[in-house]
Amino acid sequence: MFENGKSIFTSALSLAQTTGASLMLLHVISSSESDSTLPPEVNTQRESIVNQKELKNV
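Sequential numbering from 63 applies to the sequence shown in our numbering.
Be a bit skeptical, because a hint or two may be false.
To be verified - Ranges between beta-carbon positions, derived for each pair:
#1 Gly67 <-> Ile111: 40 to 50 Å
#2 Lys118 <-> Val90: 21 to 31 Å
#3 Gln79 <-> Lys118: 25 to 35 Å
#4 Ala83 <-> Ile111: 14 to 24 Å
#5 Ser76 <-> Leu117: 42 to 52 Å
#6 Leu117 <-> Gln79: 43 to 53 Å
It is worth saying that the hints were derived from the structure and are not from the lab. Cβ coordinates follow ideal geometry from the N, Cα and C atoms, glycine included.
All chains should be modelled from the sequences, with the hints used to inform the complete structure.
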């Protein structure tokens, strides 16, 4: 875990414990990362959507 991420997690956990709240973690996977674990068809769909948006902006 990156140092900044660890600090944020520690603060969030402390706040949740102090207030008696629940803490929900969300792991976001980026398809633009070279080591993405998303299936190839998801990356292809994403690229298609991005390309369509770029064409509209031209």
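Taking the hints in turn, this is what the structure says about them:
| no. | hint | in the structure |
| --- | --- | --- |
| 1 | Gly67 <-> Ile111: 40 to 50 Å | violated, 28 Å |
| 2 | Lys118 <-> Val90: 21 to 31 Å | holds, 26 Å |
| 3 | Gln79 <-> Lys118: 25 to 35 Å | violated, 47 Å |
| 4 | Ala83 <-> Ile111: 14 to 24 Å | violated, 36 Å |
| 5 | Ser76 <-> Leu117: 42 to 52 Å | holds, 47 Å |
| 6 | Leu117 <-> Gln79: 43 to 53 Å | holds, 50 Å |
In this structure, the hints that do not hold are numbers 1, 3, 4, in rising order.
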